[in-house]
Structure formats: structure tokens, C-alpha cells
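There are 2 protein chains.
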Amino acid sequence: MNILVAGGDGFCGWPTALYLSNQGHEVSIVDKLIRRNWDEELGSNSLTPIATLDERVNRWKTITGKTIRTFQGDLCDYAFLSDVIKQTLPDVFVHFAEQRSAPYSMMDREHAVFTQVNNVVGTLNVIYAVKEIVPDCHIIKLGTMGEYGTPNIDIEEGFLNVRHNGREDVLPFPKQPGSMYHLSKVHDSHNLMFACRVWGLRVTDLNQGVVYGLHTNETLLDPILVNRLDYDGVFGTALNRFLIQAAIGHDITVYGEGGQTRGFLNLVDTVRCIEIAANNPADHGEFRVFNQFTEEFSVNDLAAKAQKIAQNEGYEANIVHLENPRVEKEQHYYHAAHTKLVDLGLSPNLLTDDVLRTIFQTVVQFKSRVLHQNVLPKIKW
Amino acid sequence: MNILVAGGDGFCGWPTALYLSNQGHEVSIVDKLIRRNWDEELGSNSLTPIATLDERVNRWKTITGKTIRTFQGDLCDYAFLSDVIKQTLPDVFVHFAEQRSAPYSMMDREHAVFTQVNNVVGTLNVIYAVKEIVPDCHIIKLGTMGEYGTPNIDIEEGFLNVRHNGREDVLPFPKQPGSMYHLSKVHDSHNLMFACRVWGLRVTDLNQGVVYGLHTNETLLDPILVNRLDYDGVFGTALNRFLIQAAIGHDITVYGEGGQTRGFLNLVDTVRCIEIAANNPADHGEFRVFNQFTEEFSVNDLAAKAQKIAQNEGYEANIVHLENPRVEKEQHYYHAAHTKLVDLGLSPNLLTDDVLRTIFQTVVQFKSRVLHQNVLPKIKW
Numbered sequence: 154m155n156i157l158v159a160g161g162d163g164f165c166g167w168p169t170a171l172y173l174s175n176q177g178h179e180v181s182i183v184d185k186l187i188r189r190n191w192d193e194e195l196g197s198n199s200l201t202p203i204a205t206l207d208e209r210v211n212r213w214k215t216i217t218g219k220t221i222r223t224f225q226g227d228l229c230d231y232a233f234l235s236d237v238i239k240q241t242l243p244d245v246f247v248h249f250a251e252q253r254s255a256p257y258s259m260m261d262r263e264h265a266v267f268t269q270v271n272n273v274v275g276t277l278n279v280i281y282a283v284k285e286i287v288p289d290c291h292i293i294k295l296g297t298m299g300e301y302g303t304p305n306i307d308i309e310e311g312f313l314n315v316r317h318n319g320r321e322d323v324l325p326f327p328k329q330p331g332s333m334y335h336l337s338k339v340h341d342s343h344n345l346m347f348a349c350r351v352w353g354l355r356v357t358d359l360n361q362g363v364v365y366g367l368h369t370n371e372t373l374l375d376p377i378l379v380n381r382l383d384y385d386g387v388f389g390t391a392l393n394r395f396l397i398q399a400a401i402g403h404d405i406t407v408y409g410e411g412g413q414t415r416g417f418l419n420l421v422d423t424v425r426c427i428e429i430a431a432n433n434p435a436d437h438g439e440f441r442v443f444n445q446f447t448e449e450f451s452v453n454d455l456a457a458k459a460q461k462i463a464q465n466e467g468y469e470a471n472i473v474h475l476e477n478p479r480v481e482k483e484q485h486y487y488h489a490a491h492t493k494l495v496d497l498g499l500s501p502n503l504l505t506d507d508v509l510r511t512i513f514q515t516v517v518q519f520k521s522r523v524l525h526q527n528v529l530p531k532i533k534w
Numbered sequence: 154m155n156i157l158v159a160g161g162d163g164f165c166g167w168p169t170a171l172y173l174s175n176q177g178h179e180v181s182i183v184d185k186l187i188r189r190n191w192d193e194e195l196g197s198n199s200l201t202p203i204a205t206l207d208e209r210v211n212r213w214k215t216i217t218g219k220t221i222r223t224f225q226g227d228l229c230d231y232a233f234l235s236d237v238i239k240q241t242l243p244d245v246f247v248h249f250a251e252q253r254s255a256p257y258s259m260m261d262r263e264h265a266v267f268t269q270v271n272n273v274v275g276t277l278n279v280i281y282a283v284k285e286i287v288p289d290c291h292i293i294k295l296g297t298m299g300e301y302g303t304p305n306i307d308i309e310e311g312f313l314n315v316r317h318n319g320r321e322d323v324l325p326f327p328k329q330p331g332s333m334y335h336l337s338k339v340h341d342s343h344n345l346m347f348a349c350r351v352w353g354l355r356v357t358d359l360n361q362g363v364v365y366g367l368h369t370n371e372t373l374l375d376p377i378l379v380n381r382l383d384y385d386g387v388f389g390t391a392l393n394r395f396l397i398q399a400a401i402g403h404d405i406t407v408y409g410e411g412g413q414t415r416g417f418l419n420l421v422d423t424v425r426c427i428e429i430a431a432n433n434p435a436d437h438g439e440f441r442v443f444n445q446f447t448e449e450f451s452v453n454d455l456a457a458k459a460q461k462i463a464q465n466e467g468y469e470a471n472i473v474h475l476e477n478p479r480v481e482k483e484q485h486y487y488h489a490a491h492t493k494l495v496d497l498g499l500s501p502n503l504l505t506d507d508v509l510r511t512i513f514q515t516v517v518q519f520k521s522r523v524l525h526q527n528v529l530p531k532i533k534w
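Residue numbers (this note's numbering), protein chains in the order written: chain A, 154 to 534; chain B, 154 to 534.
Treat the hints as calculated values from the structure; they're not laboratory data. Treat each hint with caution, since some may be false.
Because identical chains cannot be distinguished in the list, a pair is counted as satisfied if it fits within a single copy or across any two copies.
In the SDA-like style, the derived pairs of lysine to any residue whose C-alpha atoms are separated by at most 20 Å in a straight line are [as the list claims (entries may be wrong)]: (1) Lys284 / Ile532; (2) Lys482 / Gly438; (3) Lys239 / Arg222; (4) Lys461 / Thr217; (5) Lys461 / Ala431; (6) Lys533 / Asp322; (7) Lys482 / Asp322; (8) Lys284 / Val266; (9) Lys219 / Met154; (10) Lys284 / Arg262.
Here the structure is a predicted model, which is why all the values come from computation and not from measurement.
Chain A with its partners taken away, still in its complex shape (with noise of 0.2 Å):
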């Protein structure tokens, strides 16, 4: 297939560049690099030393002999979006270009707006692209678990059976997002569900968990092909963070009861879920919802994991609790489904001590990179 990866730059659109690439996709890159420059912005980096994006296309193709073109851009200058769809003509839009920080979008007025913005416009851009000039092109989109919150209820892929008052309908599961970032991302799935109901558009939206991990089998192949890695407190995850703290040996540091818990995958199977979804597109008119995560844990399951396999290799950390910067429950009920991807093939990679132990080695590799005074969370809701 041809498939453009809008973000195709970044933690998990880099990765999964190179996977499509492997399976003998035809795959392009658009990209504004504008992730590097919030590196710049916060005074931080990434744990791992990235090369450039013309680097890293340039050895693939020298180590497999595979092109991937590569146009650097804003999804939100539709000018310059509709001139990359109509030279790739793409049969699959990954979609992974957006600002992914809930911190970053926390800062102040000017972030949140920047956030919702270039979030909103680039998949609204996306969507008047596709329906224009290739509208049979699956559009899989990056949304999030965390345009659920945490009800009281079970939580469905997408949409909810509803009983009320002797009537009954399927309606989209309600959504209660606990960030701007979060919520340009319901506002994006609202946009996307209606572009395929009025245009026929078709949509994949990919409600991800907190994904860990780094290398997949193809960034390994070469230094240069290195994903980055976050650990500051605006961009850094959970158990990623939790693994460089106790490296440097900082505490690990739990906001607030630990008991939030979320969905979490390992990033090798984010790239073959993203597969999964190009090999089964959904339906002209189709906006289909798929929970992307395979198991849940809360934050002090995470830190207790992170703690033990430290210790394993020889570091001591102790787990503190911080003052929580964020608005949201400490202790909740949590349970979503996520069998729709496992049905259609996924065999997911669990959080093993061996992968565990396997990102710890990499973050013990590289923490001479790390910038102590990014580790502790800043922003407040």
C-alpha cells in the first residue's frame, strides 16, 4: 500500500514509518519537526541522541535499499498539505502529526490555544484533503484512551448501547478528557465522525494507552535509527520516566494516591497495530473506534515494576508521592475494552521483567544525556 505518516518524525510515527517500510509498503513522511523545536522551547531533549530526519531516511535506504520520501510541513498550511496528497496519493493517512503533550498544553492560555488549534485545524485539514483529492484513502487517526476520562462505568471502543426510558440507541461513548490536549482530541473525533457520516470518509480512530518503550526491530538496525525517548516532566510517560528517575537515581516520583490507572502498550505493538488497521480498513462512511492499549495498570503498579527491575540491575530508588499537578481522581474504577484489535490479529507484547529490563539497559546506556532539573512535573492544571 502507499501510505503517508503525517508525524512520521516523531516517538511513534518514526517507528512505525520504518515498519511499514519493512513490510514492503510504499511509505512518505510529512512532517513539520516542530517536536525538536519544543525540545528547544523547554530547554530539553531526548534521553537517546536523534538524528536528523534526512539522516535517518538516507541510512534506511542504505541498510534496505527502501525509500522513504519525506516532505516537512504543517498539516495546517492546507496549501502545502494538498500539494504532499496529491504527489503521494496516498491509500492509507496515518495520522500522528499532532502536539501529544498533556503538560505542554497545560502551561498556559497561549499553549492551550496553540494545542487545540493546530490539532483541530491540521485533521480538519486532513479531512477537506482526503474527501478533495483521494477519498477513498483510509484515514487512521491518533486519538487517545484519555478522551474517556475514567466513569464509573465500563468503558466500549467508540460507542455505547444506550437504554432510556423504554428506547434504545448506540450512541458515542461520552467523553470527559482531563487536559486541553485531551480534549482537542475529542474535538477531532467529532469532527472525524461527522466527515464520515456526510462525506463517506473513512476513519479509523485509534484510542491509544500510554505507550513504553523505544527501539522496535527496525530502529535497532543502526545507531542513527534510534527512536527518542522522553523523560522531562512535560513530554516524558509514566513507566519511560519511572525508569530514567531510577537510573539517575532520583526518586520515583508518584503524583499524587497512584492510584490512577490507564491502559498502557509496548510501542512494537503501536507500529503493528497501525498494520492492522491499514490491512482492514473501515468501510466508506465507517468511523470505527479501536481501544489501543493491551493492559492496564495504575501508576504505583508502574512504579512498584520500576523499582524492582532498578534494583535487579543494581540501582537503588525509592518511591515518593508528589503533590498531584494534575486535576483528576487518584482512586477510580477503570475497565475498557480493547478486543478489536486482538481480534483482527494483534498478539500483544506484555510488560515482562525481560522488557522491563531491556529499556532500563538502553536509559542506563544514556543517562549521562539526562537533564536532572526536567525530571519533576512544573505545570499545574
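For chain A, the structure is supplied; the task is to place chain B on it using the hints.
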């Protein structure tokens, strides 16, 4: 109370500002007057000849002795908005200042993006300005019944008690809006709900039905105070548009089968509902939703009423069914709760023949101003 009316030059905003001023409140208007520019963009006009905002408030002052301060500018300009809030320190922020036409939002990509950015960023700025400058201020936000779409169950006022797999929760009512404009209102609702939960803001979201009529006691005091009345295919809404069609000898044009059913209310109830909400503010942290309409009608019901009243006044009009320019169900279940405003004291002004006749007589008075080429719908979904 000290009340700031955003969008106070518009169809609902202007009579609301006058009514609240007449009730003794200290009223200010903030408006960028862009609605008047859209008339120019579309080559359209108000059926009634409307004065400038300065002429309007000056005449109001002359007649009643009451001052309405005005600020001309854009809610999307945060420096401007925060300056207005600092100057006025409102107890109540009434927010009408959005692009409110579904067809306008569906003209093309540019108008869709404009509508969503304008409405979402304007409301985000209101959220941040209130949070930072007047955190006790009660935000009264105009939403729309169109946020709900047409589910096959009863529509409740904002929230739904859900029982699922043996558990229970009260969740936001699922939203299935039918245009890029209606989507922008859904985005606003999610953003506002979050702001209440996280920052303790106090918000009443008025999901308003389709408004008919144009006069209030205050706008009738002087011709310079007359309200605007839209009849074109972009900004005109069902009942008002039908009466104007009948008055100029045009067919009454029903879109599709005409079974589309919606909630409706008289403009004189709109202004009263704002007062009721203001007098009974939401609590800190409360996101409160009222469904603001008084009666349900199908489009066919309204066409028949318009035809009959026109006939009584000596005007013959045929009812014709056009191919529906919108994507919507033309026969569907519709039943929506609307008791909360009544419980707080609303006495509905229903759609009687007298009410219809009064509107029709105004329409006849100004019918020479109708631009016939604007009456039919030109924008398709």
C-alpha cells in the same frame, strides 16, 4: 448586576442587552460587528434596516436614560478581551459572540476552519480571562440544541444517567452535531465543562432551539432600536424564512421530506431565559446545561403555519419540497427535556396565530428590501 454581553450587536444579543438594561442591570456590549461584514461577504442583508451600534445605544440612552457601554473588538484577541474584562469586571458574562450559521460553516474548508477557530478560541479566551481576572463571574454560554443531533432516545438537559454492565454513572449526553458550526459548539461545551471541573468556574450552557420572531418590548420603543431579521439561505432559519417567502410570493421551501423536528422558542423567551440564568447562577465548579426552547415542531408543521397565516392576511403561497441540501434524517424520533428553565420561572410565549401574524406584518412592512436571489439554499453539505 454588572453584565457583559458578548455578541451584543446580533440577532439575540441586541435584544438581550436592551432587556437586561431595562431591568436595571449595568450592561456592556463587546462585539466585533463581524455579522455585518458577513452580510457584505454574502451580498445579503437584514430584512429590517438596522442602525449602527453607536446609533442604537445612543438612542437607547435618549429614550430610557440608561447607558450601555460598547467595546468593539474580537474575543480571539486576548489582549483586547482581558482589557474589556478588567474595565467592566462583570458579574455575568453572556456569550453570544460566535459564528452561528450551519450553512456558513459548510461553504468550504476555509469557512469551516474559520468557524471552529473563531468559536473555540473565542470561548477559550473567555475561560482564561474569567479564570484570571473575575473568577466569580458566571459565564452564560449560548450552545444549541443541535449539539445533540437526533438520537433515537429522549434528549436530556446536558447529562444522561447511564446504567451499563451493572454499574451506573451520570455522563455528558452524547453529541452528534450536524455541521461544522454545530461541532464548534460541542467543542466549546467540552472545553467549558473541563474548565468548571478543574478551575472551579461557574458556567450555564444554554442549548438553545431555533429562535423565531424579532421584536421585544424594548426593540419596539423606536425604529432605530429595531432588531435584525435574516431570511437568506445562509443565516435565515426555518419559521422566519418561511414567513418572508410567503410575503414576497415565493414558494415556501421545505428541505426534503420536512419531518425534521426541532425545538423552537420566541425571541422574547430568549431574553427572559438569559435573565433567569443570570438570577440563578451556577455554583463554582458547576457546568450546568439548560435546554432552551419551549415547543417542538417539524419543518412541515412550520410550513403549514406560515402558509395559513399568510393566507389569512391575503397572501397565497405554495409549499414545495426541495432536495435537501443538508445531510440529516428527515423522519426521526425527537423528544427533548426542557423543564429546568420553566422550573426557574420561565412562562413560555408560545407560537400562536397572533404571534405569527405580528411577525408576518413586520415582514410585509419591509418586504421590498428582500433580495430574492438569496432566498434559496446554495450551500450543500
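For each hint, the structure was consulted:
Only between protomers do Lys284 and Ile532 lie at most 20 Å apart by alpha-carbon distance; the minimum there is 17 Å, versus 39 Å within a single protomer. In this homomeric assembly, Lys482 and Gly438 come within 20 Å of each other (Cα to Cα) only across copies, at 15 Å, whereas the closest approach inside a single copy is 36 Å. In the homo-oligomer, the alpha carbons of Lys239 and Arg222 lie at most 20 Å apart inside one protomer (14 Å), although the nearest pairing across protomers, at 52 Å, exceeds that limit. With identical chains, the CA atoms of Lys461 and Thr217 are never at most 20 Å apart, being 38 Å at best within one copy and 76 Å at best between copies.
For the homomeric pair Lys461 and Ala431, neither the shortest alpha-carbon distance inside one copy (38 Å) nor that between copies (56 Å) is at most 20 Å. With identical chains, the CA atoms of Lys533 and Asp322 are never at most 20 Å apart, being 39 Å at best within one copy and 28 Å at best between copies. Taking the closest pair of Cα atoms, Lys482 and Asp322 come within 20 Å of each other only across two copies (15 Å); inside a single copy the shortest separation is 29 Å, beyond that limit. For a Cα distance limit of 20 Å, the shortest separation of Lys284 from Val266 across copies, 15 Å, qualifies, whereas the shortest one inside one copy, 26 Å, does not.
In the homo-oligomer, the alpha carbons of Lys219 and Met154 lie at most 20 Å apart inside one protomer (14 Å), although the nearest pairing across protomers, at 69 Å, exceeds that limit. For a Cα distance limit of 20 Å, the shortest separation of Lys284 from Arg262 across copies, 11 Å, qualifies, whereas the shortest one inside one copy, 32 Å, does not.
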